[in-house]
Amino acid sequence: MTILDQLADFARERTEKAKKKIPPEEIRRQALALPKGNFAFENALKKPDISFICECKKASPSKGLIAPDFPYLEIAKAYEAAGADCISVLTEPKWFLGNDAYLKEIASTVSVPCLRKDFTVDEYMIYEAKVLGASAVLLICSILSEEQIKEYISICDELGISALVEAHDESEVQAALHAGARIIGVNNRNLKDFSVNTDNSRRLRERIPRGVLFVSESGVKTAGDVAKLRQIGADAVLIGETLMRAADKRAKLDELRGVV
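The numbering of the sequence shown is numbering that gives the first Met the number 0, which starts it at 0 and goes up by one.
Just so you know, these hints were derived from the structure itself, not from any lab.
Ideal placement from N, C-alpha and C gives every residue a C-beta, glycine not left out.
Keep in mind that the hints are not guaranteed to be accurate.
Think about it this way: if two alpha-carbon atoms lie no more than 27 Å apart in a straight line, the pair counts; the simulated DSSO-like pairs of lysine-lysine are [to be verified]:
#1 Lys57 <-> Lys93
#2 Lys103 <-> Lys57
#3 Lys35 <-> Lys20
#4 Lys220 <-> Lys251
#5 Lys35 <-> Lys18
#6 Lys45 <-> Lys35
#7 Lys16 <-> Lys220
#8 Lys76 <-> Lys19
#9 Lys149 <-> Lys46
#10 Lys220 <-> Lys35
#11 Lys220 <-> Lys18
#12 Lys19 <-> Lys220
Cβ-Cβ distance ranges computed for the label pairs, FRET-style [said to hold, decoys possible]:
#13 Lys76 <-> Asn196: 27 to 35 Å
#14 Lys220 <-> Ala32: 39 to 47 Å
#15 Ile21 <-> Ala222: 42 to 50 Å
#16 Lys76 <-> Phe9: 25 to 33 Å
#17 Lys93 <-> Lys19: 33 to 41 Å
#18 Arg249 <-> Ala226: 17 to 25 Å
#19 Lys62 <-> Gly159: 31 to 39 Å
#20 Ala222 <-> Pro22: 47 to 55 Å
#21 Glu25 <-> Asp156: 17 to 25 Å
#22 Lys220 <-> Arg11: 13 to 21 Å
#23 Asp8 <-> Lys46: 33 to 41 Å
#24 Glu169 <-> Gln5: 22 to 30 Å
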């Protein structure tokens, strides 16, 4: 069993526990009672130059503890001040030491759209994300069927939030496109063995039509990495560890942008 399988299984366990506290019909009612979103996340990625999705995460399965001291609100506010286009917030509690409360507080504090970075395995988690204040959810092709992705995108559309559909190879890109994905994220990290290869984004870029937003995720560490992705027409990069380890978020983001 890969770590991705374990993450998905644990997400199912968490969701079953959550349903006992707040039944599915109630979380859906709460989500639909909120004003419909305006797809702020995908709109933020439509600017002429490359957009930056900056991540708040305390730990990861591949790197272990990244930020022992984790003032998540300060980090999110620093990202906002530095000009982040979106913020990705880990809510997975076991391997990433995330928490739903982090997302709720960050989304209610900053004005930039937030992605709930978690392992969505049940429509319940999409309604949860909306209630927590997220503007987007992550849908991973490796753990969902094409039919599920299509159904989950439809729920996102009903709520006015975006779906970042993550793919690792050609067949997953095809599944994402068939399901109607408007944003495809290519993860340069193989979640089955944790190897990182930024050529994955370059290789899969040509498979994704220009009308679909293209996000490169993982392994983006330098201004050179960003420049290469800009050249192949990436609409956005999702950067986690590099920014999390930077003492000065604004300076690091300027450096990655290529601002002298």
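To see whether the hints hold, each was checked on the structure:
1. Lys57 <-> Lys93: holds (11 Å)
2. Lys103 <-> Lys57: holds (16 Å)
3. Lys35 <-> Lys20: Roughly 25 Å between the alpha carbons, so the hint for Lys35 and Lys20 holds.
4. Lys220 <-> Lys251: Distance ~10 Å between Lys220 and Lys251 Cα, so the pair holds.
5. Lys35 <-> Lys18: holds (23 Å)
6. Lys45 <-> Lys35: Answer holds: Lys45 to Lys35 is near 20 Å, not above 27 Å.
7. Lys16 <-> Lys220: Distance of about 37 Å is beyond 27 Å: violated.
8. Lys76 <-> Lys19: violated (34 Å)
9. Lys149 <-> Lys46: holds (26 Å)
10. Lys220 <-> Lys35: With Cα atoms ~36 Å apart, Lys220 and Lys35 exceed 27 Å; violated.
11. Lys220 <-> Lys18: Since the Cα atoms of Lys220 and Lys18 sit roughly 39 Å apart, the hinted pair is violated (cutoff 27 Å).
12. Lys19 <-> Lys220: violated (41 Å)
13. Lys76 <-> Asn196: 27 to 35 Å: Roughly 33 Å apart at Cβ, these two residues keep to the hinted range, so it holds.
14. Lys220 <-> Ala32: 39 to 47 Å: Distance hint for Lys220, Ala32 holds at roughly 42 Å.
15. Ile21 <-> Ala222: 42 to 50 Å: Since Ile21 and Ala222 have Cβ atoms about 44 Å apart, the given range 42 to 50 Å holds.
16. Lys76 <-> Phe9: 25 to 33 Å: Check passed, 30 Å falls within 25 to 33 Å.
17. Lys93 <-> Lys19: 33 to 41 Å: violated (19 Å)
18. Arg249 <-> Ala226: 17 to 25 Å: holds (19 Å)
19. Lys62 <-> Gly159: 31 to 39 Å: Roughly 34 Å apart at Cβ, these two residues keep to the hinted range, so it holds.
20. Ala222 <-> Pro22: 47 to 55 Å: Given range 47 to 55 Å: holds, Cβ gap about 49 Å.
21. Glu25 <-> Asp156: 17 to 25 Å: holds (22 Å)
22. Lys220 <-> Arg11: 13 to 21 Å: Taking Cβ atoms as reference, Lys220 and Arg11 lie about 33 Å apart, which means the hint is violated.
23. Asp8 <-> Lys46: 33 to 41 Å: Roughly 38 Å apart at Cβ, these two residues keep to the hinted range, so it holds.
24. Glu169 <-> Gln5: 22 to 30 Å: Roughly 25 Å apart at Cβ, these two residues keep to the hinted range, so it holds.
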